[in-house]
Amino acid sequence: MIRDFGLLEVLTILQGMWTTLALSVVAFIGGGTFGTLVALARTSPWKWLRVATAAYIDFFQGTPMLMQLFLVYYGLPVFGFHVSAWTAVAIGLTFHASAFLGEIWRGGIQAVPKGQSEAASALGLGYIDRMRDVVLPQAIKLSFAPTVGFLVQLIKGTSLAAIIGFVELSRSAQIVASTTYKPLIAYGLAGAFYFAICFPLSRASAYFERRFSLKT
Amino acid sequence: MTTTTQQHIHAADTGTTGQDPIIRISSLQKYYGAFHALKNINLDVRKGERIVVCGPSGSGKSTIIRCINRIEQFESGSIVVDGISLGESMRNVNAVRAEVGMVFQQFNLFPHLTVLQNCMLAPMRVRGTSKKDAEIIAMKYLERVRIPEQANKYPAQLSGGQQQRVAIARALCMTPKIMLFDEPTSALDPEMVKEVLDTMISLAQEGMTMLCVTHEMGFARQVADRVIFMDTGEIIEMAKPQEFFSQPKNERTRNFLGQILNH
Ligand SMILES: Nc1ncnc2c1ncn2[C@@H]1O[C@H](COP(=O)(O)OP(=O)(O)O)[C@@H](O)[C@H]1O
Ligand SMILES: [Mg+2]
Chain A
1 MIRDFGLLEV
11 LTILQGMWTT
21 LALSVVAFIG
31 GGTFGTLVAL
41 ARTSPWKWLR
51 VATAAYIDFF
61 QGTPMLMQLF
71 LVYYGLPVFG
81 FHVSAWTAVA
91 IGLTFHASAF
101 LGEIWRGGIQ
111 AVPKGQSEAA
121 SALGLGYIDR
131 MRDVVLPQAI
141 KLSFAPTVGF
151 LVQLIKGTSL
161 AAIIGFVELS
171 RSAQIVASTT
181 YKPLIAYGLA
191 GAFYFAICFP
201 LSRASAYFER
211 RFSLKT
Chain B
1 MTTTTQQHIH
11 AADTGTTGQD
21 PIIRISSLQK
31 YYGAFHALKN
41 INLDVRKGER
51 IVVCGPSGSG
61 KSTIIRCINR
71 IEQFESGSIV
81 VDGISLGESM
91 RNVNAVRAEV
101 GMVFQQFNLF
111 PHLTVLQNCM
121 LAPMRVRGTS
131 KKDAEIIAMK
141 YLERVRIPEQ
151 ANKYPAQLSG
161 GQQQRVAIAR
171 ALCMTPKIML
181 FDEPTSALDP
191 EMVKEVLDTM
201 ISLAQEGMTM
211 LCVTHEMGFA
221 RQVADRVIFM
231 DTGEIIEMAK
241 PQEFFSQPKN
251 ERTRNFLGQI
261 LNH
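Those protein sequence lines, which keep their order, are chains A and B.
For what it's worth, the working numbering labels the leading residue of the first sequence as 1, then goes sequentially.
For what it's worth, the working numbering labels the leading residue of the second sequence as 1, then goes sequentially.
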């Protein structure tokens with residue numbers, strides 16, 4: 001039976017957008033937290049840690065996110081971890097995002113002039129204080145634009161979670177398209193929703209970048 | 001290392017005080033890769049002493065200064081600062097750094113913090129001073145370098161001379177026993193050199209132990225107890241300023257002085 005494109009269809013797609021937002025937030029919080037550690041490890045004084053993190057980054061940047069999600073989703077049960085789809089996707093997205101954010105923020109950390117952390121050291125500040133109060137605040141400003149750029153990619157990339165059963169924005173549009181036979185409207189609406197999330201982010205990023213550059 | 005004591009180079013009058021040096025550098029060797037940057041440096045600095053270090057570019061002046069608070073690692077030898085030996089643990093390194101203030105050629109103020117916040121950071125984080133007390137301390141030293149009205153500006157809004165005075169105030173907020181200066185006026189426009197030197201002179205007059213890398217020979221004449229000339233990673237000559245300028249013993253010192261005093 002072919003359904004009309006009505007309120008229920010719009011609500012289905014809105015529900016999908018909600019899931020996309022939730023996946024993005026999870027990915028960004030997980031990836032942001034873990035990515036900070038990756039960036040710190042990548043710039044640490046210990047060579048073995050830098051090498052290990054470089055391998056981690058290379059692996060997750062060099063393989064498709066689709067495969068990473070599969071590996072976590074089907075791999076964890078093999079090792080005896082029976083986790084929910086949400087947990088699996090949270091872990092997969094965290095791995096993926098932390099590798100990319102870690103690499104972006106490593107660049108930011110290394111772009112902060114060496115004299116900054118030397119001056120902090122000379123004042124007696126330990127590693128944690130040096131990073132938290134001196135280096136990271138400047139590194140974050142320097143890497144703000146690429147961070148938002150990646151975030152926008154990540155939001156769009158969460159559509160891959162559909163393959164392990166999530167009905168997020170793209171998948172919901174696909175479902176509506178097949179029940180109504182109105183793919184143009186369904187995908188058009190989904191596209192508009194993606195745009196409604198991502199465009200303000202890009203604009204906000206440009207705005208904050210201008211403000212940062214005025215201040216320093 | 002039983003023989004090192006004889007190797008220590010003292011000024012002619014060192015024996016009279018009988019005090020332990022506040023900095024004792026013994027047989028210091030420093031390499032950058034294969035490059036021998038410091039060759040067997042021995043130096044004692046007494047409390048309250050003001051030492052000026054000069055020498056051609058690349059002679060190792062910055063490296064010595066930076067080894068004292070371990071911004072730079074070294075291969076062998078020892079540096080004892082106020083009884084604390086560097087080289088064992090990070091704990092000692094931080095203990096030394098908290099007692100030794102450092103002023104850089106490029107100021108190295110924290111650009112994302114206001115002048116006041118620049119000065120408050122270390123007392124709060126390292127000494128655990130409360131925010132309120134840290135602010136009182138910061139304002140005290142900003143007044144000391146005669147710049148309190150700039151407290152709420154960001155470093156980029158200040159002139160070079162003002163920034164360097166803030167950098168001095170920031171170091172003083174940790175009430176250091178020793179101040180290290182690495183060419184503090186070299187990055188400044190000529191008209192700003194004096195305000196920074198005046199600040200350093202008044203610090204010297206208050207009895208601060210100072211080790212200054214500088215080519216400001218007027219400053220050296222006025223405040224230095226000893227002047228050190230370095231070349232190719234070695235201390236070539238060390239003397240009181242009168243002797244150093246009027247009768248330098250070493251050929252290389254004479255050449256160097258000839259170059260910098262003749263323009
Ligand atoms: N990080 C470094 N890596 C390699 N060589 C260095 C480094 N820092 C300084 N050097 C070299 O060590 C020598 C002494 O440097 P420095 O102490 O900065 O000299 P100065 O302060 O007297 O100009 C120079 O030849 C310089 O090129
Ligand atoms: Mg130098």
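Hints in this document: simulated from the structure, not taken from any laboratory.
Just to be clear, a hint being listed does not mean it is correct.
Mimicking DSSO-like on lysine-lysine, the simulated pairs with C-alpha atoms at most 27 Å apart in a straight line are [unchecked claim]:
1) A/K114 <-> B/K177
2) B/K47 <-> B/K177
3) A/K156 <-> A/K182
4) B/K132 <-> A/K114
5) B/K47 <-> B/K153
6) B/K39 <-> A/K114
7) B/K194 <-> B/K131
8) B/K240 <-> B/K194
9) B/K177 <-> B/K249
The following residues of chain A were derived to be distant from chain B, with all beta-carbon distances above 12 Å [unchecked claim]:
10) P137
11) A162
12) Q174
For every residue, glycine included, the Cβ atom is placed at its ideal position computed from N, Cα and C.
Hints, one by one, checked against the model:
Distance restraint check for A/K114 and B/K177: the Cα-Cα separation of roughly 25 Å lies within the 27 Å cut-off, and the hinted pair is therefore satisfied. Under the criterion of a C-alpha separation no larger than 27 Å, the hint pairing B/K47 with B/K177 is consistent with the structure, at around 8 Å. Annotation: proposed proximity of A/K156 to A/K182 holds, straight-line Cα distance about 22 Å (limit 27 Å). Annotation: proposed proximity of B/K132 to A/K114 is violated, straight-line Cα distance about 30 Å (limit 27 Å).
Restraint check: the Cα-Cα separation between B/K47 and B/K153 comes to about 35 Å, which exceeds 27 Å; the hinted pair is violated. Under the criterion of a C-alpha separation no larger than 27 Å, the hint pairing B/K39 with A/K114 is consistent with the structure, at around 26 Å. Note on B/K194 and B/K131: the hinted pairing is violated, with a Cα-Cα distance of about 33 Å set against a maximum of 27 Å. For a cut-off of 27 Å, the pair hint linking B/K240 to B/K194 stands: about 23 Å separates their Cα positions.
Between B/K177 and B/K249 the alpha-carbon distance is near 32 Å, which puts this suggested pair outside the 27 Å criterion. A Cβ of chain B approaches the Cβ of A/P137 within 12 Å, the least distance being about 5 Å, so the stated non-interface status is violated. Once the 12 Å rule is applied to beta carbons, A/A162 is consistent with being away from chain B; the minimum gap is 41 Å. Residue-level check passed: A/Q174 sits 46 Å from the nearest beta carbon of chain B, beyond 12 Å.
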